[in-house]
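**Student:** Sequence:
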Amino acid sequence: MIKQILGKIPRKPSKSSQNDAYNDGGANGNGPNSFHSSKSTSSSSKSSNLGSGASRSSNGTLAPHSSSSTKSNHSKKSAPIAAQLGPLLSSGAYEALPSFRDVPSSERQNHFVKKLNMCCVVFDFNDPSKNLKEKDIKRQTLLELVDYISSVTSKFNEMAMQEITKMVAANLFRTFSSSNPDNKLPEMYDQDEEDQMMEPAWPHLQIVYEFLLRFVASPETDAKLAKRYIDHSFVLRLLDLFDSEDQREREYLKTILHRIYGKFMVHRPFIRKAINHIFFWFIFETEKHNGIAELLEILGSIINGFALPLKEEHKLFLVRALIPLHKPKCVSMYHQQLSYCISQFVEKDAKLADTVIRGLLKYWPITNSSKEVMFLGELEEVLEATQASEFQRCMVPLFRQIGHCLNSSHFQVAERALFLWNNDHIRTLITQNRQVILPIIFPALEKNTRSHWNQAVQSLTLNVKKIFADIDQELFDECLLSFQEDESKEKETQDKRESTWKRLEDVATSKALGNEAVLVSRFASSVAIATNPKPRATSGS
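Following our numbering, the numbering of the sequence shown begins with 1 at its first residue and continues without gaps.
Honestly, I wouldn't trust all of these hints.
Unchecked claim - Here are the simulated PhoX-like pairs of lysine-lysine, each with C-alpha atoms no more than 25 angstroms apart in a straight line:
(1) Lys166 / Lys227
(2) Lys315 / Lys327
(3) Lys273 / Lys311
(4) Lys351 / Lys327
Honestly, the hints are just simulated from the structure, not real lab data.
With the hints as extra help, turn the sequences into a complete structure.
**Tutor:** What follows is the structure, encoded as structure tokens:
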């Protein structure tokens, strides 16, 4: 009887039985070179937004799982996984395994697999007080695995590769959810002014990334065998992680993906296509992704290695993906890397300059002055690699736009446009085609000289005018005379317009009390008055 009563009293849960909801952790790191210097990274890092509003979802405790298991939601997988890990931890089975030094050489391969399986358990770092002993054991085990994979002298067999990719997938692959309902990045974003999202599980995840990097780079990793496990599915899920808000994680991913691209030649077309798809989704659907800059940085290196002549596939990638990346409002977050990729294409094939310049003009900002300054900077880089024949094909629409920039009331836009004349190559192109260019931009130069509010812009404008006058005084005088004639015609047209409106107002005032309609002809010289002989009949009359 007493035993039955005592059996109904709820017991205090043990420490090891409270581990039913581990967070699988997102990670950010400073890249492979900072691995040893950041081993002591705190598990209570900041968790504020990175400006985009995206945040990592808590997936609960993760056990070893296949690629499809990461796509299931928290409620579906937390219960069975807790059932798997609960007995493991409550029974005290999560104990440190002997060091590799204490194991005979013939047993080290099996011991390596045991340690990999042990590291498939993922702990909750959102609560720093949970499983401190187990977390430390796993961390030390991961460090041992990194040392082992760096010093191994024999080829990895198929079983080892399978266990390696399984452990990596268990620890790294997860989904990210957005706390921003609009799922859009801000128009302008200053990373220094915002607190970055720091993954609390980084003490483990950083070592897993380092392990994966060394595995991919190891000469003992046979690409022909490893491609069965680092396959398309693995690469896609690795690309999904680029949306992490933690820049440290994205740096590691950038290095690892670039190594995979270099080692697994069979995956190269697929990786380019997958990145292309991410860009399409970002440009035309969400305008939100945290890893565009890192992906472009990888592409910059890839484009640099393209063989000549460029394949049609690569040219289409430029036209359909890279140039439209100028469209999103948050282009400032990745513009430096994008500009480098664009310049690489033009340097590879000078005939693409016309395509690129017309693409820039298509997406040229109208009301965003800071974005306009960036476009002018990129335009200068492209023009530096542009040949005279390609320049002539696009110079008319190009300098119409530059003329608008010269007259911009934002002094930085006007100043940046005038700085184009400081570039020797661009100045040579302009000089060679001055017969076409000067008539287009002369009105803008003259208006700046007369009425621009910024003294620096006025001074730079005078310098540009002097360049043209010194090269071809006759053309300069012709443009000045033409401008004065156009100005006189415009003033005459304005006077006629004002006179017409004045007469119209006088007639309207004089006939206001009468039942007459006032008609104005299309010519400003005459005003006709028509009198309605019969008033409009009212309803019911």
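**Student:** Now look at each hint and say whether the structure bears it out.
**Tutor:** Taking the hints in turn, this is what the structure says about them:
Under the criterion of a C-alpha separation no larger than 25 angstroms, the hint pairing Lys166 with Lys227 is consistent with the structure, at around 14 angstroms. A threshold of 25 angstroms between alpha carbons decides the hint, and for Lys315 with Lys327 the separation of about 19 angstroms falls inside it, so the pair holds. Between Lys273 and Lys311, the direct Cα distance comes to roughly 14 angstroms. Compliance with the 25 angstroms bound is thereby established for this hinted pair. As the CA atoms of Lys351 and Lys327 are separated by approximately 23 angstroms, the hinted pair is consistent with the 25 angstroms bound.
Going down the numbered hints, you'll see the structure goes against none, and every one checks out.
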